[in-house]
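Using our numbering, the letters of the first sequence correspond one by one to residues 189 to 396.
These are calculated hints, taken from the structure and not from any lab test.
C-beta atoms are modelled at their ideal positions from N, C-alpha and C, and glycine is treated no differently.
There could be a bad hint or two in this list.
Computed list of lysine-lysine pairs in DSBU-like fashion (alpha-carbon distance at most 35 Å, straight line) [said to hold, decoys possible]:
#1 K260 / K313
#2 K362 / K313
#3 K313 / K226
DEER-style ranges, computed between Cβ atoms [stated by the list, open to error]:
#4 R370 / A344: 18 to 26 Å
#5 T209 / V364: 21 to 29 Å
#6 I317 / S230: 35 to 43 Å
#7 P288 / K313: 23 to 31 Å
#8 V372 / K226: 22 to 30 Å
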Amino acid sequence: MPKTAPIAQDVLRLSRDSLPTDTAELARYLVGKTIVRKIGRSRLSGRIVETEAYPPGDASGHAYRGRTVRTKSLFLERGFAYVYFIYGTSYMLNVTAEEPGVGAGVLLRAIEPLDGINIMEGLRKTTKITDLARGPGRLAAALKIDQRLDGIDLCADGSLWLGAAVREPGAIGKSVRIGISREVDRRLRFFETGSQFVSGPSKALRGI
DNA sequence: TATGCGATATTCT
DNA sequence: GAATATCGCATAG
Numbered sequence: 189m190p191k192t193a194p195i196a197q198d199v200l201r202l203s204r205d206s207l208p209t210d211t212a213e214l215a216r217y218l219v220g221k222t223i224v225r226k227i228g229r230s231r232l233s234g235r236i237v238e239t240e241a242y243p244p245g246d247a248s249g250h251a252y253r254g255r256t257v258r259t260k261s262l263f264l265e266r267g268f269a270y271v272y273f274i275y276g277t278s279y280m281l282n283v284t285a286e287e288p289g290v291g292a293g294v295l296l297r298a299i300e301p302l303d304g305i306n307i308m309e310g311l312r313k314t315t316k317i318t319d320l321a322r323g324p325g326r327l328a329a330a331l332k333i334d335q336r337l338d339g340i341d342l343c344a345d346g347s348l349w350l351g352a353a354v355r356e357p358g359a360i361g362k363s364v365r366i367g368i369s370r371e372v373d374r375r376l377r378f379f380e381t382g383s384q385f386v387s388g389p390s391k392a393l394r395g396i
C-alpha cells in the first residue's frame with residue numbers, strides 16, 4: 189500500500205456544537221484542525237497551525253467600535269467566516285466566535301498545506317512549500333479567498349468549511365499577537381510549537 | 001538575519 | 001490626512 193496523502197473528502201466537518209464559544213478557547217481549539225476550500229471540482233486543504241483571538245471588547249478588534257458594513261459578519265454566531273481586505277493587498281480570513289450579536293473572531297494566520305498544493309503554488313506564484321500559507325495574507329491567497337466568502341457558514345457543506353484534525357497537534361505555544369498596536373500585551377496568539385509553517389519574524393514567535 | 005519601503009483599499013479621525 | 005489583524009523586494013550587515 190502506497191502512503192496516501194490526506195484527502196479532504198474523508199475529513200469530517202466540525203459541527204457548530206463542537207466549537208468552543210469563548211474566543212480564546214476557539215483560537216486554541218482550531219490549531220491542528222483542517223480548513224477545506226472547494227473550487228469547482230478541485231479541493232484545497234490545510235492544517236491550521238497558527239491563530240489569533242480577538243475577543244469581545246478588545247481594542248484591537250474590528251468589532252470594538254460596533255457593527256459596520258465591513259464588520260457585520262463578525263457579529264454572527266460562532267463558526268462563520270469574516271473576510272476583509274486590508275493594506276490594499278491582502279485578504280484576511282477569520283472564524284467568528286461567541287454568541288450571536290457579539291462581535292468577536294479568530295484570525296487564521298497560517299496553515300500547513302495538505303491537498304491541492306499544486307493549485308496553491310499557482311495562486312501564490314511560488315513553489316516553496318513553507319511560503320505558501322505562512323501569514324494571514326498568504327493563507328487567504330493560497331486558498332483563493334476574497335470578500336465573496338464573507339459571512340458563509342464554515343460548519344456547512346459549502347465552498348469553505350472546517351474539518352477535524354488529520355493529525356493531532358503537538359505542544360501548542362502562546363504569545364502576543366502580531367501586527368497590532370493596541371492591547372499589545374495580551375497573549376492571544378496560538379500556534380503549534382516548532383512548526384515550520386508558523387509565521388512570525390523571530391524564532392521565539394515560532395516556539396523554537 | 002534584520003530593517004526599510006512602496007503598494008494601495010477601506011476605515012477612522 | 002493617517003492608520004491598518006500584510007507582503008515582497010531591496011539593501012545592509
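Against the structure, the hints come out as follows:
With a C-alpha separation of about 32 Å, the suggested pairing of K260 with K313 holds against the 35 Å cut-off. Between K362 and K313 the alpha-carbon distance is near 31 Å, which keeps this suggested pair within the 35 Å criterion. As the CA atoms of K313 and K226 are separated by approximately 20 Å, the hinted pair is consistent with the 35 Å bound. At roughly 34 Å, the beta-carbon separation of R370 and A344 lies outside the given 18 to 26 Å, and the hint is violated.
In this structure the supplied range 21 to 29 Å holds for T209 paired with V364, their Cβ-Cβ distance being about 24 Å. A beta carbon spacing of about 18 Å between I317 and S230 contradicts the range 35 to 43 Å that was offered as a hint. Restraint check, P288 to K313: a C-beta distance of roughly 39 Å breaks the suggested window 23 to 31 Å. Between V372 and K226 the C-beta distance comes to about 37 Å, which lies outside the given range of 22 to 30 Å.
Violated hints, in rising order: 4, 6, 7 and 8; the structure is consistent with all others.
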